[in-house]
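Engineer: Same order as they appear, the protein sequences are chains G and V.
Quick note on my numbering: the first sequence kicks off at 1 and runs consecutively.
Quick note on my numbering: the second sequence kicks off at 1 and runs consecutively.
The set of hints was computed from the structure by calculation and includes no laboratory data.
As the structure is a prediction and not an experimental result, all values here were calculated from the model.
For every residue, glycine included, the Cβ atom is placed at its ideal position computed from N, Cα and C.
Non-contacting residues of chain G with respect to chain V, defined by C-beta distances greater than 10 Å in every case (computed):
{"id": "1", "residue": "E6"}
{"id": "2", "residue": "L24"}
{"id": "3", "residue": "A25"}
{"id": "4", "residue": "V28"}
{"id": "5", "residue": "S45"}
{"id": "6", "residue": "V46"}
{"id": "7", "residue": "P47"}
{"id": "8", "residue": "T48"}
Quick list of simulated restraints, FRET-style, between CB atoms:
{"id": "9", "chain 1": "V", "residue 1": "F130", "chain 2": "G", "residue 2": "H10", "range": "40 to 46 Å"}
{"id": "10", "chain 1": "G", "residue 1": "L18", "chain 2": "V", "residue 2": "E275", "range": "46 to 52 Å"}
{"id": "11", "chain 1": "G", "residue 1": "S45", "chain 2": "V", "residue 2": "R98", "range": "47 to 53 Å"}
A few chain V residues facing chain G, derived, Cβ under 8 Å:
{"id": "12", "residue": "G18"}
{"id": "13", "residue": "F19"}
{"id": "14", "residue": "H50"}
{"id": "15", "residue": "V52"}
{"id": "16", "residue": "A56"}
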Amino acid sequence: MSFREEHELHKRRFGRNLGLGLVLAGFVALVFGLTIAKVSNEDFSVPTQQGEGN
Amino acid sequence: MSDASLHQASTAQPGEGGFGDFFALLKPRVMVLVVFTALVGLLAAPVALHPVEALAAILFIAVGGGAAGALNMWWESDIDALMRRTRRRPIPAGKVTRDEAFAFGITLAAFAVVMLWLATNALAAAILAFTIFFYVVIYTVGLKRWTPQNIVIGGAAGAFPPMIGWAAATGTVSIESVLMFALIFMWTPPHFWALALFMRGDYDGAGVPMLTVTHGRKSTRLHILVYTVLLALMAVGAAFTGIGGPVYLIVALVFNALFLRDAVAIWRRDEDMAEADDYRVEKRAFRLSLWYLFAHFTAILAEAALAGLGLGGLGFGGWA
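Just chain G, same shape as in the assembly (with noise of 0.2 Å):
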């Protein structure tokens, strides 16, 4: 079994897709510590439906 010699442009590819990965790991992250910090705010309050049982 033999594998394609790597071209310059898989290593690219690779890179790229290296970076979008972490960047979108970063992300997940950043939303999950954003919605911890708001849910731990003392003004957070759960907003219940208007008009419930009408």
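Based on these hints, arrange chain V on the given structure of chain G.
Structural biologist: Frame of chain G; chain V shown alone:
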């Protein structure tokens, strides 16, 4: 690079750009200024955000600024290819296609505005959206190739970040944030005109109606002096407002004196003198202008920190 090789390189294939090429579309060096001034606006505000919210706000302001940069490069790829300073940018260098840059910029712009809204408030997001619109549509598409006052008007786009930072923390626009806006707005013209003086030939060749091209270099030198005087009056005057104080006053006096010295020297020189010493004074003024802005915003931050420690004003009655 010859015209032939430039043409060859500019035929980029879709999907071949690397991560760094797309990052370069965000104008990372401009982003540093955006991040720094937005951070000062956010930290100088009287309302403290949760650190994660502050981090998110700065990040999304930076992404919004970067998106505007990508859209600017999308529109200006034709003249970027003609100027020595910009011909290595991803589109003229053939790394990224124009369509990719447009899609990248517009997606990031929408993403940044929505995320800033979710992370902070609607006003901050609205100012960010307006900033992107102003930079891309009003400045890049509308005015840059039309009027020699392009730098003056375009400077407004770069002046919004501290206002966005302040709005992210407080949910309001106030006199302090308007003063920070005014500081960058007034600083931009002499900063860029100093650059235009020693980057001679670049703008001429690209057909951008810079003041140096339309009104001549003598007039540009006078404009630098007039704007620097106005800037100095405003910058020193700001010491007696809510963002100022004794630390800021000292910094403002020192840096405005230095900037005025260089502006006067530029005004008194002619092209023969400038060429004789390879634009030494113009280059010095440009470098100083970068330190000038950094010093003023650091001083604003220092005053906010002192006020937080109960040391605001330091006996200078009526300040802050």
